[in-house]
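**Student:** Listed below are the residues making up each chain.
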Amino acid sequence: MNAEVIIVGGGIIGCAAAYHLAKNGVSVLLLESSENIGDGGSTRNGGGVRQSGRDPRELPLIMYAIQNIWPKLSDMLDTNVEYCQHGNLRLGSTPQHKAILEGLTSRAAACGLDVRMISGDEARQLNPYLSEEVSCASWCPTDGHANPLMATMGYYKMARRLGAHIISGEKVVELRKIKGAVRQAVTVSGNVYEGDTIILAAGYESRFIASTVGIDIPMQPVLLETLVTEAVAPMFWQMLGTADADFYGHQTEHGSFVFGLNSGLEPYAKPGKPLSTSIAASAACRGIMRYFPSLSKIKVVRSWAGWMDSCADHVPVISKVEEVPGLILACGFTGHGFGIAPAVGLVLSQLAMGQETAVDLSALRYDRFQ
Amino acid sequence: MNDRNRKLKPFVPQPDDDLIVCRCEEITKGEIRRAVHDGMFTLTEIRRYLRTGMGLCQGQTCTKLVKGIVARELGVRPDILEPSTGRAPMRPIAMEVLAKDREEKAT
Ligand SMILES: Cc1cc2nc3c(=O)[nH]c(=O)nc-3n(C[C@H](O)[C@H](O)[C@H](O)COP(=O)(O)OP(=O)(O)OC[C@H]3O[C@@H](n4cnc5c(N)ncnc54)[C@H](O)[C@@H]3O)c2cc1C
Numbered sequence: 000m001n002a003e004v005i006i007v008g009g010g011i012i013g014c015a016a017a018y019h020l021a022k023n024g025v026s027v028l029l030l031e032s033s034e035n036i037g038d039g040g041s042t043r044n045g046g047g048v049r050q051s052g053r054d055p056r057e058l059p060l061i062m063y064a065i066q067n068i069w070p071k072l073s074d075m076l077d078t079n080v081e082y083c084q085h086g087n088l089r090l091g092s093t094p095q096h097k098a099i100l101e102g103l104t105s106r107a108a109a110c111g112l113d114v115r116m117i118s119g120d121e122a123r124q125l126n127p128y129l130s131e132e133v134s135c136a137s138w139c140p141t142d143g144h145a146n147p148l149m150a151t152m153g154y155y156k157m158a159r160r161l162g163a164h165i166i167s168g169e170k171v172v173e174l175r176k177i178k179g180a181v182r183q184a185v186t187v188s189g190n191v192y193e194g195d196t197i198i199l200a201a202g203y204e205s206r207f208i209a210s211t212v213g214i215d216i217p218m219q220p221v222l223l224e225t226l227v228t229e230a231v232a233p234m235f236w237q238m239l240g241t242a243d244a245d246f247y248g249h250q251t252e253h254g255s256f257v258f259g260l261n262s263g264l265e266p267y268a269k270p271g272k273p274l275s276t277s278i279a280a281s282a283a284c285r286g287i288m289r290y291f292p293s294l295s296k297i298k299v300v301r302s303w304a305g306w307m308d309s310c311a312d313h314v315p316v317i318s319k320v321e322e323v324p325g326l327i328l329a330c331g332f333t334g335h336g337f338g339i340a341p342a343v344g345l346v347l348s349q350l351a352m353g354q355e356t357a358v359d360l361s362a363l364r365y366d367r368f369q
Numbered sequence: 000m001n002d003r004n005r006k007l008k009p010f011v012p013q014p015d016d017d018l019i020v021c022r023c024e025e026i027t028k029g030e031i032r033r034a035v036h037d038g039m040f041t042l043t044e045i046r047r048y049l050r051t052g053m054g055l056c057q058g059q060t061c062t063k064l065v066k067g068i069v070a071r072e073l074g075v076r077p078d079i080l081e082p083s084t085g086r087a088p089m090r091p092i093a094m095e096v097l098a099k100d101r102e103e104k105a106t
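In order, the protein sequence lines correspond to chains A and B.
Read in order, the letters of the first sequence are residues 0 to 369 in numbering that gives the first Met the number 0.
Read in order, the letters of the second sequence are residues 0 to 106 in numbering that gives the first Met the number 0.
It is worth saying that the hints were derived from the structure and are not from the lab.
One thing to keep in mind: the hints can contain errors.
[What the hints assert, rightly or not] Below are the SDA-like pairs computed for lysine to any residue, each with C-alpha atoms no more than 25 angstroms apart in a straight line:
1. A:170 to B:8
2. B:8 to A:162
3. A:269 to B:84
4. B:6 to A:269
5. B:6 to A:0
[Stated by the list, open to error] Not everything, but these chain B residues come out facing chain A in the computed CB check (under 10 angstroms):
6. 43
7. 53
8. 59
9. 75
No residue lacks a Cβ here, since even glycine has one placed at the ideal position from N, Cα and C.
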């Protein structure tokens, strides 16, 4: 089976690229190894659409996405992606926290982002549920959050509607070159698919697939955990984080709270199926209740875990590969690839079509590790 | 291998499409049938797209019903559809209870 562009990986990155290509009339074939589309980080993440706290190399992508795509994404995808732009509060309670937040804030402000330090009282004016423990915060009014399940499945739904060919349960194990350029994707079931361009967006697994054409991207799998509560009446709409990064989260349009957790043991998780540990949710509940005492009676209904593709220098590789013409890499998102996904999908389609990209990608090249 | 572009029978409105199937999240039979035609071919995808079975009862009531509806829409036997994963804590637990996972001596 042939297509102009083959995409390996049906997470939000692969589905968003498929959407833009199909919209431009390019024939696309997307291969996903799992039985379920979007079964990786894309449907397991905390939904943050943040500029604050980002590495400056990633800021142009997220600023582009927030200015140009997120506000109209629900219409584009005919799916309510629950995008909510009510700012990000990153909270602190000690002088060390204040120093961390000041560092993050001044680096981002230097890149032109509207983010500033505020006092505990100013934070409580923005969010009256905050406890007296909070003594400082950074505030970025243009940050926000969205629903990762709806955004991922929405891109998939629209790509499919626009004619992208999508197959799940097809695990790619090898790429093959013909006359010096990558052309074939071979799956575990022995099927061979052929295309002019191959976009590799398979999360951490991209490392093994890229190695079959001699390319290595230094990545590691790291486990992240999340919980969700019962739905309650609306309390506040900001995205929340902490200086220690021990939890982050928000209240959804549905009324539930989604919190991402950090126990510190993430890089040491057992390989295989991502499993919630018994300690992370409990530890996060203690952190959340310290800053939000009024959430102590709210009921946790579900918790889950997911793998992130942690790159050696903590930003993704979004790049063509000189030694392997036809290959485009999109991996190493290091636990913050959801917010930038709409911009990444767009620039991947532009790379594949040989157009100039909407955002300069030179800081995210594959050969920067040499 | 699951080809997401294979042809389904056309979507035909049914008289009981307004029937609520997932009571916790108030999802109707018609919404589930529509979602299948929008490409949600697995029970996990249906759950993620519509929130069926993600409410307080965690799907104890509607799981079988949803499975039947999806299978009929796809024209397959219900038993070939993989169930979606159960998630801890299985029964809703208040944060203040979950937070006390270890005995702490009074200080
Ligand atoms: C718990 C958690 C919380 C997070 N919170 C946030 C947040 O708040 N904000 C934010 O911006 N980001 C967050 N992230 C990160 C974000 O989810 C990811 O960066 C993003 O989803 C990456 O998308 P992706 O499509 O590259 O990856 P994935 O969704 O992992 O998709 C990769 C796909 O490739 C498929 N695949 C793998 N191997 C093969 C193969 N051999 N052949 C074919 N297909 C294959 C996988 O099955 C998968 O579907 C979080 C991640 C996790 C896990």
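**Student:** So, against the hints stated earlier in the document, which numbers end up violated here?
**Tutor:** 1, 4, 8, 9
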